[in-house]
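Protein sequences, first through last, are from chains F and B.
Heads up, the first sequence is in the working numbering, so the first residue is 3 and it goes up one at a time.
Heads up, the second sequence is in the working numbering, so the first residue is 2 and it goes up one at a time.
Derived from the structure by calculation, the hints contain no laboratory data.
Among the clues, some could well be false.
Counterexamples of contact, computed for chain B against chain F with all Cβ distances above 12 angstroms [stated by the list, open to error]: (1) P97; (2) G100; (3) G159; (4) N281; (5) K297; (6) I303; (7) A304; (8) A326; (9) N390; (10) G396; (11) P400.
Calculated lysine to any residue pairs in the SDA-like style (CA-CA distance at most 25 angstroms, straight line) [stated by the list, open to error]: (12) K197(F) with K250(F); (13) K8(B) with E294(F); (14) K339(F) with G324(F); (15) K250(F) with K316(B); (16) K316(B) with S292(F).
All C-beta atoms, glycine included, are put in the ideal place defined by N, C-alpha and C.
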Amino acid sequence: MYFGLSEDQIFFQDNVKKFLEDNAPLDVIRKIANEDDKTSKEDLHKGIITLGINNILIPEDNGGLGLDLLFATAVSQSLGEGIATLPFSGSYVMAPIAIKYGASEEQRNFYLNEMSNNNFNFSIGFSEFFGSRNESELSFLKNKVNGKTFFVMDFDYATHIMVCDKDGQIGIVSLESTGIEVVDLITVDKTRVFKEIIFKNTEIDILENTSSSKEAIDNAIDAGRIVIAADSLGASKAMLDKAIEYSKERKQFNRAIGSFQAVKHMCAEMAAELEPCYSILWHAAHSFDSKEKNKKIMACHAKSHISDISKMVSKKATEVHGGMGFTDLLGLHYWFKRIGVNRQMLGSPEIVREEAAKSQGL
Amino acid sequence: MDLNFGKKYKDFTKEVKDFCKKYKGIHFIDSSKVPLSGSFKSGEIKMTRSDWQKILIEKGYFARSIPSEYGGYGGESDIIKSRIIAEEFAKSKIPPPMGGQGIDMLVPTLLELGTEEQKQKYIKPTLHGEIIWCQGYSEPNAGSDLASLQTKGELIDGNWVINGQKIWTSTAQYSQMMFCLVRTEPDASKHAGISYLLIPMDTPGIEIRPLVDMTLNAGFNEVFFTDVTIPEKNIVGKRGEGWAVANATLSHERGSLSDPNAMMNRLNSLIDRMKKETINGEKVINNPVYRDKLMKIQGKVIAFQSNSLRVLSAKLNKNQDVKIAAMIQKLVGTELRHELEGFAIDIMGELGTLYENSPNIRDGGSWQIAYMYFLGLIIGGGTSQIQKNIISERGLGMPKEPKVQQGA
Ligand SMILES: Cc1cc2nc3c(=O)[nH]c(=O)nc-3n(C[C@H](O)[C@H](O)[C@H](O)COP(=O)(O)OP(=O)(O)OC[C@H]3O[C@@H](n4cnc5c(N)ncnc54)[C@H](O)[C@@H]3O)c2cc1C
């Protein structure tokens, strides 16, 4: 019995963390987020691809690393901690999983091979399955798609977009096709790219097994929720670490503010709530990997619980920094906003909890 | 990640399951003095708690690693087996072995620091539930600041003579013995002047006044000592080492105050209750607001339970660091349990207020009792605030509070 990340997983996680520390300090993030510095961003993306983060979930036969979701979860923690301005949960986790469960053998080999070569990059528009907003709706008819999908994620280097209708049928659209209108969305979190996309009679390749089974969409969303939760947990850890460090340096009333009990207790509360988050996160990823009966419940709870705790941490850690916490100068707000957006992605906590209830027959 | 306990434990799990089936519905003919040890009314099998303890020891389901010469099973310590036992017992609602301060705190302390004579004399009857112990630590002026305690012990003619007062002493009125912290070295510094003494409760000069707690049971007591005289050898550790001895047991207590298996059982009872109760003719479980709150609590309970698995794993895999994950369990576990019990009251509304033997009462009133009882546990065993001091200073390395100047 071993409950935790393996040495390999920790090694991979540390590599990604170190890469981001070395190559994406706050001023680089700022350039990318605020000034849309494409060169910096591309350097970063190329670099991190050499670590293999795009290939974690692609089978070895298709040129990938053939690793599991717990690996991806470990990596996602580091990406959140370093607020990486990179695609991950959609492009490199949900897409290969949707293909794994939903594609015919021919489709599977075709797409996965191109993905592992980094020729194809997927963005994901699945919102219409778990809770359509902004009157978005897609309809698939005879290999054509019509309608609008709102809040498409990981569009950064997209060559394709993977969408689904409200029944969970999944299809892939090449961005070279005609009849695609891309609307740039601006969220509070400028470390990532979101779009609204409108299709008019656009060609779509429906993943063959998804017309009869929800396995692909369910697994893709479960996995996406787990890695997004991991991203929030990583971001929360970064915020708590910064708060503790700051509390030891900043002096008021001739003492370090960290010696004030009010400050200490805020930090203790953050730590006390975050520790079980690691546990439920890894447990959920493990349940997914070993296809346990309760895997959907675990994925839902990991997402909603960690979203709640992260929200609390993002507030308290900012407070520990006083006025400095509120400034753009310190940049704490990048983590705050990352957590804020993650919370709504693939379902806000209330929506996800309702799914947890339904999936246990309540 | 590997959550399998391994092949070797498959057979064991089956054995425990069979055992649970055999004793399902067991109930005790002597009444419980330990609150919340559960009521098991329906079954056919009747026995005393002490007999139950003996059966459990014989099977190795309790006191597993305690040497047989002291009344234990005399096996290897095996935390996975302990976990399996706890889980299976909880699942099939078989009464767990008796706990309490003697078994959870004193026995481990004696095993670690007691003399051979003390081990021989006390451990076996304690395990059998024949000696109930109480913990005499807190005093009217020494609660969170326990080391400032003032109950005095003087060594006179080969006997300790004790004078002073303890308070909040749980189960003192039923106890045969007390393990007690007493100031024996008045000239030494605060922490260095304390000794750990074992006091028979029938010694002349002890007066016990039960204190009614908020559940309206007399859960704890005041204990007064007037020239209470006990043999010199009734000391654990050396003179002035009582603080260290007590700290060895405090960590045992903190672990035992928040059991994730019991929490999961309560959550499942809560779900059952929500399926049964109605509001305006509609089942509570279908009410979106209550449903969402239930799921929120379930998420927390699963996170807490997963966390305890991680802490368990670190005991098996020595290179795993779970320092903070272990440190937060008392704080998170007691607060969460209190929240869970309180929410059960909310879903019942007016029905949730019923108490004692009121008509219409649900689940024997256990939700109100536990709601209050766990507030007690939030305070006892180091309050939540003290836990946060410990987490921030020892866990997160934050600076200590500056000492207030004497006489300021
Ligand atoms: C149900 C129950 C059973 C108990 N059983 C036993 C028993 O069997 N034996 C025994 O010896 N004792 C027992 N106790 C006593 C228990 O250990 C004490 O109540 C506890 O340690 C708190 O001490 P106090 O009551 O004096 O509160 P105080 O120490 O006076 O605390 C009052 C408030 O001040 C806060 N506070 C105090 N110091 C600090 C600080 N440094 N920083 C921040 N906040 C602080 C506390 O958190 C609390 O909110 C029991 C208590 C309860 C509730």
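Point to revise | Enumerated hints in conflict with the structure, sorted upward | key: 5, 6, 7, 8, 9, 10, 11, 12, 15
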